[in-house]
Amino acid sequence: MTSLEKIKSSLKSIFRKRHKREYIDIAITKFFQLVTILSASFIIIIVIFIAREGIKPFISNNDGLGRVDLVSFLTGTTWLRGPTFQSNLYSVGFIIINTLYIALLSLLIAMPIGVLSALFIAKIAPKRLAGFLRTVVELLAAIPSIVFGLFGSSVILSMVYNLAKLFGVQSPGGNSVLATVLVLVMMILPTITALSEVAIRSVGKDIEEGSLALGATKTQTHFKVILTSAKSGIFASAILGIGRALGEATAVSLVAGNARSGPSFGFFEITSTLTSTMLQGLKETIGLDYDIRFSVGIVLMIVILITNIILNYFKKRIGQVYVK
Amino acid sequence: MSNKRKRYDFIMKTITYVASSVAIIILFMIVFFVVRNGTNLLSFDLLTSDYHSHVYNGGIDPVTDFSQTSKPDHLTDEDYYSQKWGIALSDGEGKQGEERVIVSFVAEDSPLNHMVNRNDSNDEDFQIKEGYIIQMIKFEGRQSALEIYGAQYMINSLEEVDTFRELVFAEVGGGIRGSLLTTLYTIGLTLIVALPVGIFTAIYFNEFANKNKFTQFMRTLIDTLTGVPSIIFGLMGLAVFVPLTVRYTPATSGNILSGSLTLAVILLPVIIKSTEESLKVVPDDFRQASLALGANHTQTTFKVVLPSALPGILTATLLSIGRIIGESAALIFAVGTAIKDDISIFGKSTTLSVHIWSLLTDEPANIPLATTIALIILMVVLGLNLLVKLLSIKFMKKFS
Numbered sequence: 387m388t389s390l391e392k393i394k395s396s397l398k399s400i401f402r403k404r405h406k407r408e409y410i411d412i413a414i415t416k417f418f419q420l421v422t423i424l425s426a427s428f429i430i431i432i433v434i435f436i437a438r439e440g441i442k443p444f445i446s447n448n449d450g451l452g453r454v455d456l457v458s459f460l461t462g463t464t465w466l467r468g469p470t471f472q473s474n475l476y477s478v479g480f481i482i483i484n485t486l487y488i489a490l491l492s493l494l495i496a497m498p499i500g501v502l503s504a505l506f507i508a509k510i511a512p513k514r515l516a517g518f519l520r521t522v523v524e525l526l527a528a529i530p531s532i533v534f535g536l537f538g539s540s541v542i543l544s545m546v547y548n549l550a551k552l553f554g555v556q557s558p559g560g561n562s563v564l565a566t567v568l569v570l571v572m573m574i575l576p577t578i579t580a581l582s583e584v585a586i587r588s589v590g591k592d593i594e595e596g597s598l599a600l601g602a603t604k605t606q607t608h609f610k611v612i613l614t615s616a617k618s619g620i621f622a623s624a625i626l627g628i629g630r631a632l633g634e635a636t637a638v639s640l641v642a643g644n645a646r647s648g649p650s651f652g653f654f655e656i657t658s659t660l661t662s663t664m665l666q667g668l669k670e671t672i673g674l675d676y677d678i679r680f681s682v683g684i685v686l687m688i689v690i691l692i693t694n695i696i697l698n699y700f701k702k703r704i705g706q707v708y709v710k
Numbered sequence: 003m004s005n006k007r008k009r010y011d012f013i014m015k016t017i018t019y020v021a022s023s024v025a026i027i028i029l030f031m032i033v034f035f036v037v038r039n040g041t042n043l044l045s046f047d048l049l050t051s052d053y054h055s056h057v058y059n060g061g062i063d064p065v066t067d068f069s070q071t072s073k074p075d076h077l078t079d080e081d082y083y084s085q086k087w088g089i090a091l092s093d094g095e096g097k098q099g100e101e102r103v104i105v106s107f108v109a110e111d112s113p114l115n116h117m118v119n120r121n122d123s124n125d126e127d128f129q130i131k132e133g134y135i136i137q138m139i140k141f142e143g144r145q146s147a148l149e150i151y152g153a154q155y156m157i158n159s160l161e162e163v164d165t166f167r168e169l170v171f172a173e174v175g176g177g178i179r180g181s182l183l184t185t186l187y188t189i190g191l192t193l194i195v196a197l198p199v200g201i202f203t204a205i206y207f208n209e210f211a212n213k214n215k216f217t218q219f220m221r222t223l224i225d226t227l228t229g230v231p232s233i234i235f236g237l238m239g240l241a242v243f244v245p246l247t248v249r250y251t252p253a254t255s256g257n258i259l260s261g262s263l264t265l266a267v268i269l270l271p272v273i274i275k276s277t278e279e280s281l282k283v284v285p286d287d288f289r290q291a292s293l294a295l296g297a298n299h300t301q302t303t304f305k306v307v308l309p310s311a312l313p314g315i316l317t318a319t320l321l322s323i324g325r326i327i328g329e330s331a332a333l334i335f336a337v338g339t340a341i342k343d344d345i346s347i348f349g350k351s352t353t354l355s356v357h358i359w360s361l362l363t364d365e366p367a368n369i370p371l372a373t374t375i376a377l378i379i380l381m382v383v384l385g386l387n388l389l390v391k392l393l394s395i396k397f398m399k400k401f402s
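Sequence lines, in order, name chains A and B.
Mapping the first sequence onto our numbering, position 178 (from 1) lands on 564, and the numbers just tick up by one.
Mapping the second sequence onto our numbering, position 308 (from 1) lands on 310, and the numbers just tick up by one.
In case anyone wonders, no lab produced these hints; they're calculated from the structure.
Please note that the accuracy of each hint is not assured.
One side of the interface only, derived from the structure: several residues of chain B facing chain A at Cβ under 7 Å [unchecked claim]:
hint	residue
1	S22
2	I27
3	L29
4	F34
5	N214
6	F216
7	V390
Positions of the beta carbon are idealized from the N, C-alpha and C atoms, including for glycine.
With the sequences and hints as input, model every part of the structure.
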């Protein structure tokens, strides 16, 4: 067959006589495919547009303020040196450290509580109690972050303030690392509990029964066999939990205290995270002080991405060890 | 079993009990806090009145005939009445619990009904009415009566004079009608955009798509969307949807439409996932039977598969509404934080959540009103979640 004939026959197959319904089918399929491509493209749109806005402060003149230096932006220990709107000396180095520190601390507290609750719900609690607890966890997960922020800024702040007094520390209104961590623990606890519970329940019955048959008590089986078998799933819950902790914005911004320099490691020191920095003073700001928030957004996305990659690497390594 | 082991078992078991009580304690503390502090201000008035109090400055022409009406019977001793001016005032509280002087009665022949509007003579709403507050009365040649002096002082001062320079009165502000309307608009607009796109995507994946790398790639992209924090979506709204709406609509800055579009993107993965799951449950027999009867793919999808997937779509919708009501970070960027009373799709405004954020970041923070709004949000969101749970139990029974 010559190439001309090939084209002819393929054209024929495209333009062959079809039933009207067939055309509808093709049209609908194409339309749905288009919508799907649109849905899938949003993540790309997000990356492109935020990158475009966020790179601006580093390459443009910023209305006479001059370019922001990328290295000092990523390594500095003061958010802004010099007066607002008149300086380009922004840096987020210490804020990155603050953000990671706070997220890790929250995870450290929320993990044991969450995993043990999950174990209780999945294996130990009577059926009704388990159902009730599951509802409690679901409701807790559904509470919007602004409500956590309100609760944090009125209850937790005063609690932390009094606690600081007890230790003889003057805490500015209670805004502190501790308050931020407590609020985040409350917010990521339901995520960790719900996902760990799924992981624990999916552990095979044979493993559990094998352990019991060998003479281990139920409690020993739960802690030494089931938890270790479910650890890959539990690790996945930690990844989601830390993702939520890193990206949480409104609640954190209401209790962190917006430290302008750092990093702050003391429990009663005021602090700031990438998200709280993006929100701080948003009501009255323009120019570079506004644009730089997109740059902080890029940093936040990169921090989340790198944390995910590292944790997933560990998850893979842990997941390879099976209890036999 | 040795004693040591028993003790170990007991301790470990107790620890799990303690750990799982933490979630209950947290939920209880939050609900208790919000309910206890939020119910004081909760009233129907709050939901229907404006946030910004409209202040009127009334002047008066020389009065010739004063009011003749005597104190009506329905007024109590708490209401101070001036027969001369035909007005009764009482001490009350504003929506945020602050002290206010409230107009409790205005007689029909009161000279105050003929006040002159000092700001805008064309304003037809200019009329002192029951329920308004009086902020201040300025007199000629004597001290002004301020609202902090109380209703009795104001009435006494009024009784002693025949005219005054200015009477400043206002509707009571602090209501959340604007934010409530904005929330409803946002829910509507977001669902109009997100539901079709989400459902069509789910149908494409489950019914039409070939299992190839491109489909898998698109799936991965959508899954990635789930892990993006909402503040990043806010930035996207600011960088994409705000310029887009400013260009093609009358909007001039962040607006409800740009906020809704942003929320629609946030909700896409939720809707897609939930719809797809309910599509998967529909047995293949249904599809084959429909095809065998001569229906084409499109007919099968819309007339056979989709109706069976409706419960899943309903669940997704209810959960989405909860998410829209609770969302704050994204909307702070994509719409803004200015609390408004006149709501337009192309104008700035705040949903209830952003209203709370705006109140909390003001100086000084208005915690009582914020807690009341939080109570409303919490009731709706928790109610929706329980409803979803009940519905899913019901449908599970139906299908099994």
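Hint by hint, here is what the structure shows:
| no. | hint | verdict |
| --- | --- | --- |
| 1 | S22 | holds, 4 Å |
| 2 | I27 | violated, 10 Å |
| 3 | L29 | holds, 5 Å |
| 4 | F34 | violated, 10 Å |
| 5 | N214 | violated, 12 Å |
| 6 | F216 | violated, 9 Å |
| 7 | V390 | violated, 9 Å |
In the structure shown, a violation is registered for the earlier hints numbered 2, 4, 5, 6 and 7, in ascending order.
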